[in-house]
Structures are given as C-alpha cells and as structure tokens.
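Residue numbers (my numbering), protein chains in the order written: chain R, 1 to 124; chain U, 1 to 548.
Bear in mind the hints are in silico, worked out from the structure with no lab data behind them. Please note that a few of the clues may not be correct.
[Stated by the list, open to error] Stretch by stretch, here's where chain U covers chain R in the computed footprint (C-beta under 8 Å, at least three residues): (1) 28-38; (2) 41-50; (3) 64-75; (4) 87-95; (5) 100-110.
Virtual Cβ for every residue (Gly too), placed ideally from N, Cα, C.
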Amino acid sequence: MSTSMRGPDPIPPTSGVDHPVGSYQEVADSPEFEALRRTFRRFVFPMSALFLAWYLLFVLLSIYATDFMGTKVIGNIHLGLIIGLLQFLSTFIITTVYARWADRKFDPAAAELARRVHLTGDAR
Amino acid sequence: MSPELLAAEDIGEPAVNILIFAAFVVVTLVIVLRVSRRKAGASEFYAGGRNFTGPQNGVALAGDYLSAASFLGIAGAIALYGYDGFLYSIGFLVAWLVALLLVAELLRNTGRFTMADVLSFRLAQRPVRAAAGLSTLIVTFFYLLAQMAGAGGLVALLLGVDSKTGQGFVIAIVGVLMIAYVLIGGMRGTTWVQIIKAALLIIGAAVMVVWVLAKYGFNISDLLGASVDKAGKTGPQLLDPGAQYGKSSLTKLDFLSLGLALVLGTAGLPHVLMRFYTVPSAKEARRSVIWAIWLIGIFYLFTLILGFGAGALVGPKAIAAAPGKANSAAPLLAFELGGTVLLGLIAAVAFATILAVVAGLTITASASFAHDVYNNVIKRGEVTSEGEVRVARVTAVVIGIIAIIGGILANGQNIAFLVALAFAIAASANLPTIVFSLFWRRFNTRGALFSIYGGLLSCLVLIAFSPVVSGKPANPATGKSPSMFTDPSVDFHWFGLDNPGIVTIPLSFLLAIIGTLSSRDRSTAEKAAEMEVRSLTGAGAEQAVAAH
Numbered sequence: 001m002s003t004s005m006r007g008p009d010p011i012p013p014t015s016g017v018d019h020p021v022g023s024y025q026e027v028a029d030s031p032e033f034e035a036l037r038r039t040f041r042r043f044v045f046p047m048s049a050l051f052l053a054w055y056l057l058f059v060l061l062s063i064y065a066t067d068f069m070g071t072k073v074i075g076n077i078h079l080g081l082i083i084g085l086l087q088f089l090s091t092f093i094i095t096t097v098y099a100r101w102a103d104r105k106f107d108p109a110a111a112e113l114a115r116r117v118h119l120t121g122d123a124r
Numbered sequence: 001m002s003p004e005l006l007a008a009e010d011i012g013e014p015a016v017n018i019l020i021f022a023a024f025v026v027v028t029l030v031i032v033l034r035v036s037r038r039k040a041g042a043s044e045f046y047a048g049g050r051n052f053t054g055p056q057n058g059v060a061l062a063g064d065y066l067s068a069a070s071f072l073g074i075a076g077a078i079a080l081y082g083y084d085g086f087l088y089s090i091g092f093l094v095a096w097l098v099a100l101l102l103v104a105e106l107l108r109n110t111g112r113f114t115m116a117d118v119l120s121f122r123l124a125q126r127p128v129r130a131a132a133g134l135s136t137l138i139v140t141f142f143y144l145l146a147q148m149a150g151a152g153g154l155v156a157l158l159l160g161v162d163s164k165t166g167q168g169f170v171i172a173i174v175g176v177l178m179i180a181y182v183l184i185g186g187m188r189g190t191t192w193v194q195i196i197k198a199a200l201l202i203i204g205a206a207v208m209v210v211w212v213l214a215k216y217g218f219n220i221s222d223l224l225g226a227s228v229d230k231a232g233k234t235g236p237q238l239l240d241p242g243a244q245y246g247k248s249s250l251t252k253l254d255f256l257s258l259g260l261a262l263v264l265g266t267a268g269l270p271h272v273l274m275r276f277y278t279v280p281s282a283k284e285a286r287r288s289v290i291w292a293i294w295l296i297g298i299f300y301l302f303t304l305i306l307g308f309g310a311g312a313l314v315g316p317k318a319i320a321a322a323p324g325k326a327n328s329a330a331p332l333l334a335f336e337l338g339g340t341v342l343l344g345l346i347a348a349v350a351f352a353t354i355l356a357v358v359a360g361l362t363i364t365a366s367a368s369f370a371h372d373v374y375n376n377v378i379k380r381g382e383v384t385s386e387g388e389v390r391v392a393r394v395t396a397v398v399i400g401i402i403a404i405i406g407g408i409l410a411n412g413q414n415i416a417f418l419v420a421l422a423f424a425i426a427a428s429a430n431l432p433t434i435v436f437s438l439f440w441r442r443f444n445t446r447g448a449l450f451s452i453y454g455g456l457l458s459c460l461v462l463i464a465f466s467p468v469v470s471g472k473p474a475n476p477a478t479g480k481s482p483s484m485f486t487d488p489s490v491d492f493h494w495f496g497l498d499n500p501g502i503v504t505i506p507l508s509f510l511l512a513i514i515g516t517l518s519s520r521d522r523s524t525a526e527k528a529a530e531m532e533v534r535s536l537t538g539a540g541a542e543q544a545v546a547a548h
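All chains, full assembly: derive it from the sequences and hints.
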C-alpha cells in the first residue's frame, strides 16, 4: 500500500505490504537495478523509435508519394494497400516479440531483483 | 428496391431495432446488478476490485476503444473515400504500441485510480493533480460529446426518428441508461458491459465480413473492383491515398497533423489508462494490451472489408444521401445483406457501443473529479474512501446531465472531428508529462505544469480559430458552411489546419523541457527513486481486493 505516496492515506492497507523508509533510494542506486533499467530501456526505446519511424514513413508516403503507392501489384490491389497491411503485420509482430521478451527476459530479472533487495509486494 | 430509394426512406423495421436494443439493455442491466457490490469502496467503484484478468480487460479495452466513431465512422470513411479512410484505422492501431511498450505496465505499478496519480507521484501534489484532473475532464468531455452527438444521427437512421425533439429524447434515454450503469455497477459493471458489447461487435462484424467476401468469391481484388465500378467517375481514386486529404498542400499537412495526434493520443486517453488499474498486476496489464491489440487490429481489418463492401453493394451516393451520411454505411450494408433482422442486430450493437463507451467515459470523469480534484486538491486527501465514492456518484449524475444537454446541442456535428480533437488534446496535454515523469529523473513540477497547461491551451485556441469552427467555404448545394458556424459569413479563423496536433504536440514536449530546465526544483530524489523502482519491479503496487 502506498502510505508513503501522498501524506495521509484515507484507505486502510488491503495487504501486509510494507517497506523500510529510504530503501527505494538504495535499490535505485544499486548496480543490479541499474542493469535492470538498462535492459528495459535498451529494448523499449529502439523498438519505439522503430515503429514510430515506420509509421511516419507510411503516413508521408501516403501523402506525398501517391504515384508510388498507386503502383499496381495484383489486380486491383495496389502497393499502398499492401504497405498499409504491413503496418498491421508489424504491429502484431512487435506485440508478440515484446510479449516473449518480457515474459522470458524481463520478468525473471525484475523478480530476481525484487527478491534480492527484499522488496515485498507484487514483484511480478 | 434500389439502395437510392432505400436511403431516402427509413430502412428496416424500427420496431425490430428497438426490440433487439431493449433486449441488450435488459440483459446487461441484469448482469450489472448481479456483479455489483453493494458497499463499494474506492478500489471497487473505480477499479472493479482490480480482479479482472488480462484477457477480460483486453476485451473491455477493445470495447472502450471501438467507439461508434471508429466502427461506423471508419467503415463509412472507407466507403466514401476508400484508402484515406483506411489511414485512420492504421493510426488508431499503431498507437497501442506506445501504450504497450512505454506506459501500461509502469502506470499500473505506480498509480491507484486515475491518470493524475501517476503524473503527480513525485511532483508537487496539488498543482500537478489539479492540472492533470482538468485535462482529464476536458479530454473526456470532448470524447463524450462525440459519442452523444453520434447517437442523434444514428437514431434518425435506425429508429426513423427525424425530428430534433425526438432525437433529443432518445439522447436523453441513452444518458439516463448510462447513469444507471455507472451508479449501479461502478467500474465492475461497466467493464462487463464493455466485454459483452465488444464480443457482440466483433462477432457481428465478422459475420458481415464473411458474407461480403462470399459475394465476391473471397477475392479481395474483385471486391475492390466492384466498389470502384459502383462509385463511377470518382471510383479509381478509392484505391489510392489522396481522395480526402490530397486536395492541397494544406490538407496534406492536415493529415500529417491528424496522423501524429492519432498515434500519440491513445496512450494519453484517461479512460484507456484507467482500465489498467482493473487488473491485479503489471503482467496482467501487459496481457490486456496484447489482447486489445489483436482484437482491435482484427476488427480494423474487418472494417476495411465492410467499408469497401458498403461501397460496392450500397454505393457512395446512397450512403452520402442517407440521414447519418458516412455513419450509415455499415447499417445500410447490413440491410443490403441480411435485411431487417441483420440491420436490427447491427443497429442494436451500434447503440450498445455508444452506451458502453459513454458509461466508461463517465466513470473516468467522475473518478478524476472525486479523487483528484475534490479529495486531493480541495480536501487535501482527508476524505475517506466511502466519502470519495459518494462524491463520484453525484459527479456521475452531473456529468450524465451535462452529456445529455451537450449531446442534444451537438446533435448533427461532425463526430470524427470531436474525437480527433480529444486525441490531439490527449497527445499534447497528457502524453509528454506521462513519458517524462516515467523516464526522465530531472523532470519537475514546472515542466509538468508548462506542458499540461501549454498543451491544453494551445489546442483549444488553435481549434477555436481553425476552419473546423468557422470559415470553411460554403457548400454550393446548400449554401451552408461545413464548419461549426454554418453561416459562411461568420469567419474568424486564422489557423489553417483542422487538427492542431502538428503544432501542439511538439510544443508541449518542448514546454516540458523548457519548464524543467528553467527551474532549479529537482523533485525529491527519494520520490524519483521510489517511482523508478516501483514502476519497473512492481514492488509496492496496489493489490487486488480479495474476492468476497
């Protein structure tokens, strides 16, 4: 329960979670936490840059390269439709890749850290 | 009967539509009554006890997100403008990756009930909470208005209610039902309504998709060809981008602006963020976003087929002539395919959609008012959980009444613009502060206030002086301007774009940086450390309420 979060807390704690004051600072400064933070950011930042750039490219192509997007591929299916559908595909792929990475790499690391520094609570 | 004739009259059997919709209302009300807890504390009323599973919340997220604007609006835009309508759905979908990668889990780990919980976590409580509460209320209000205004047009088409008074009456019924759901069921009941509605919507759309495809031998190229032929002279441009936004360099820039607002707005929508608190842990929050992405993605692929199907089978002319204009594409297609019964089902689903989304928005706004503004800003956190919920219930009634009045006044307004506006404000006023407070240690109170107020104000000012409000060239057929002020002689616009995102989003990110660096305030290191550790490890996160 977040009794340290903002002064008087009107709601009684629903679970027996407590933590010694000041412990968060120690954890935050520890090399283990630094490593966890780096693992997380090294995955989500490049991935976010990638999908945002790919989406922006698609929007710009749709606005300024209409001839290119209008290239006929099969029958009435044009390149623009295929690139649009690829946006769906890439979204599904990134979602799946992230889910696997989080389940296999990140969650165990976060749980391990929480265990080693004796942080109680829902440590994923 | 030809589609042209159909559109001029009421389609289907209003009695059937009303009957199916009434059945939905009765069933969902019974469920809401059964699941609701009589003595609801804050965790129960705002977060449904945090007991929903990831998949359940994922379906509910899809239900919240697939509003009338995205179901009816996108199918209609594809039917009328082809490819340009499809662009909307891509922005709406890709936006979920921002929520998945950067926001959902960290937010679940650090907040309790509202978006402002996270924004004010390590900054000065009262000013930041007041700012975040205000932007929550404004975004939610525009979103709410769009849904209520959409209800009016739908009523005209589906129930054969043509008079403004009659439509106003139906809008009032929608509002009263929504208040009932929220008061009786709280977040738990509202979530179940969303789940049922999302399931009906996706199944209904799937049936229509298979039906349309079967008519064209499951050959998509043939379907596209048929919609081009049906459209006549303007047909060929349906397959390529540009039909709606390619007119001038200004409209092109407008689309870029809209595209930015769509992709960055979702992760700043308070009613989406609040859903992450209904699950027991960050892992379940992650699962719920994954479910939502799959469901929403598949649904938007459906709307592509439905839109071109409506274009091919009903035709853009008949759709544009129908009472609800673009919004009537999907219902008209349903009638063309399955007659009165399918139309009745799709109509009921469309109403259920409006009802459920409006209930979700109401609970978000009332939670933010009671928890952020009333308890933490005005009463400095001294109100009990029960007292807060009492205020939230009263707020829900007040918001319901405001929504009814606003919906009646906004009846006939362009709902797509209201939704796009909500996204632009969410992306400008909320997202920079969410991202910086989660990822930038140095970020401080002044940065947050600059960004929230700067984003809000710049959006509202640019919208007020945009062509959306005044000064669009008059339609030669009617002599009326498509702007909010339909009188073409009223023209005070000086900002050229319909959507302000391209200016306001970079501006509010910049303001956050300037505000932060110009203040020596460094937010307490201890709080920053706590937020960082909690957000990543889940230590100290809010627990689910034990089932009872």
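Each hint tested on the structure:
no. : hint    : in the structure
1   : 28-38   : holds (count 5)
2   : 41-50   : holds (count 4)
3   : 64-75   : holds (count 6)
4   : 87-95   : holds (count 6)
5   : 100-110 : holds (count 3)
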